[in-house]
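Enquirer: Take a look at the letters that make up each chain.
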Amino acid sequence: MWHHILICLPILGAILDVAGVLSSQMGRVLFLVVFIAGLIGAIRHASFKFSPDLVRSAVLSLIGAVLTFILSTKLKLGVVVASALVGLVGAQVFKGRDQLVLYLGVFVGMGSVLSFTSLIVAGLLGGLFFELTGESWVGVGGRLGTLAAASVLVVLAAIGGV
Amino acid sequence: MSTLFLGILIAMIWGAAGFWLRQHTKLTVVEVSALLALTAGLILPRIFVDGGFFALVCTAVSYAAMCSDERMCSYGEMLVVSIFCALILYFGQNILVGVGGRLGTSAAVAVLLLVLIKSLFRLGSAKVNVES
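Keeping their order, the protein sequence lines are chains A and B.
Okay, so the first sequence: first residue is -5 according to this note's numbering, each after it adds one.
Okay, so the second sequence: first residue is 348 according to this note's numbering, each after it adds one.
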């Protein structure tokens, strides 16, 4: 059960945001405590094993995030068009799950609340979350975006920028 | 309020298009989603005053269209999820603003709502069968 917590983090973030405490110190600490519990649960889960896929996914997610961020902010294409373009081109370059991980990174790059440095951390974290939550919400549309939101919110909570 | 109704209508069109693309083409889920989002992002803001919002709704619907066939198996279900997406984004405009992945989270919540409703219906019909 604990390994499902990571993917539920954005729901917790949304609840805290509605309650108006996401930006408060209490809200951030609560969010990070739940994140750490979920992280431990995911790592201790039987299906998880340390493998090169962790690094591969982290890097792919980072590439998607950075490309989307650059296209949307520097070239001013807007997040929707920028994300779609990176997703389409990425789907021609990568196959299978690599496509999905890159697309996850794209969602991280759609945010407007992160600095470039924070975006890099969130991008890497997104790929790790993809590997850590392999059995959560399988086949649910929006799963990748949820993982992206989880990584962005963790970074925001850690740096105090929520 | 007209923005909401128009948003729901456009979301349903994009949802149906996404489901059709999933069923009748060999495009991957990423390609289908990106194509839907790209057309929404290029067309809707040029046609409607609230086109930016409609593009976001359609983008969220495109993420929901990435569902597996087991989770979403008919046009009716896709249309229901599209309506949920539009409602969630309309009423949740001030939640997690600027957070990357917000649209995907909205899509996932919409799909999970459908899954919940489907299982409640299944539970209800199972009870009726047992009682009869």
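Hints listed in this document are in silico derivations from the structure and should not be mistaken for laboratory results.
For glycine and all other residues, C-beta sits at the position ideal for the given N, C-alpha and C.
Wrong hints could be hidden among the right ones.
[To be verified] Some chain B residues near chain A, calculated using beta-carbon distances under 10 angstroms:
| id | residue |
| --- | --- |
| 1 | A364 |
| 2 | V428 |
| 3 | R449 |
| 4 | L450 |
| 5 | T452 |
| 6 | V475 |
| 7 | N476 |
| 8 | E478 |
[Claimed, not checked] Which residues of chain B face chain A? A few of them, derived with a C-beta cut under 7 angstroms, are:
| id | residue |
| --- | --- |
| 9 | D397 |
| 10 | R418 |
| 11 | A455 |
| 12 | V458 |
Enquirer: Each of the hints needs a verdict: does it hold here or not?
Expert: We went through each hint and held it up to the structure:
1. The interface hint given for B/A364 is broken, as the beta carbon of that residue sits about 14 angstroms from the closest beta carbon of chain A, more than 10 angstroms.
2. Checking B/V428 against chain A: minimum C-beta separation of about 8 angstroms stays under 10 angstroms; hint holds.
3. Annotation: B/R449 was flagged as interfacial toward chain A, and the flag holds, the nearest CB pair being 6 angstroms apart, inside 10 angstroms.
4. Because the beta carbon of B/L450 sits about 6 angstroms from the nearest beta carbon in chain A, less than 10 angstroms, this interface hint is met.
5. At a threshold of 10 angstroms, the smallest CB-CB gap from B/T452 to chain A is about 4 angstroms, leaving the interface hint in force.
6. With a cut of 10 angstroms, the hint placing B/V475 at the interface with chain A is violated, because the nearest CB-to-CB distance is about 28 angstroms.
7. Taking 10 angstroms as the C-beta contact cut-off toward chain A, the hint placing B/N476 at the interface is violated, the least distance being around 27 angstroms.
8. The restraint placing B/E478 at the interface with chain A is violated, with a minimum CB-CB distance near 32 angstroms, outside the 10 angstroms limit.
9. For B/D397, the interface hint is violated, the least distance from its beta-carbon to any beta-carbon of chain A being 14 angstroms, above 7 angstroms.
10. Look at B/R418: its Cβ gets to within about 5 angstroms of chain A, closer than 7 angstroms, so that hint holds up.
11. Checking B/A455 against chain A: minimum C-beta separation of about 3 angstroms stays under 7 angstroms; hint holds.
12. Look at B/V458: its Cβ gets to within about 5 angstroms of chain A, closer than 7 angstroms, so that hint holds up.
In summary, the structure is inconsistent with hints 1, 6, 7, 8, 9 from the numbered list given earlier, while agreeing with the others.
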